[in-house]
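Residue numbers (my numbering): 1 to 68.
Please note: incorrect hints may appear among the correct ones.
Pair by pair, the computed Cβ-Cβ distance ranges are [stated by the list, open to error]:
| # | residue 1 | residue 2 | range |
| --- | --- | --- | --- |
| 1 | K11 | D67 | 14 to 22 angstroms |
| 2 | D67 | G41 | 25 to 33 angstroms |
| 3 | A54 | D21 | 27 to 35 angstroms |
| 4 | R66 | D21 | 16 to 24 angstroms |
| 5 | A56 | H10 | 17 to 25 angstroms |
| 6 | P14 | A57 | 13 to 21 angstroms |
Quick caveat, the hints were computed from the structure, so don't treat them as lab data.
The structure displayed is predicted, hence computed values, not measured ones.
Even for Gly, the Cβ is constructed at its ideal location relative to N, Cα and C.
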Amino acid sequence: MTDIGDTQFHKGQPVWVIEEDGSQREAEYVGEGETSAWFGGSPQVIVVYVDTRAGAAVDVDRVIPRDL
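Full structure from sequences and hints, please.
See the structure below:
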């Protein structure tokens, strides 16, 4: 298991997810993704998007803290 996500963010923290076009989307941090530890690849975190309340696993390097 890798030590990602929870060292950088905490559960419920407001974050921005950087989209492929460079735009930012509001989300809430939920936790670290387990699949990258098991299957390799980029470390991922789980977020819930504010606008749709849909969850997603995104690369941790696409997530930054959101100041309120």
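How the hints compare with the structure:
Distance hint check: the CB atoms of K11 and D67 are about 18 angstroms apart, consistent with the given range 14 to 22 angstroms. Distance hint for D67 and G41: a CB-CB separation of about 30 angstroms, consistent with the stated range 25 to 33 angstroms. Range check, A54 to D21: about 19 angstroms between beta-carbon atoms, so the 27 to 35 angstroms window is missed. In this structure, R66 and D21 meet the distance hint of 16 to 24 angstroms, their C-beta atoms being roughly 18 angstroms apart.
A hinted range of 17 to 25 angstroms for the beta carbons of A56 and H10 is consistent with their spacing of about 18 angstroms. For the hinted restraint 13 to 21 angstroms between P14 and A57, the CB-CB distance of approximately 18 angstroms keeps it satisfied.
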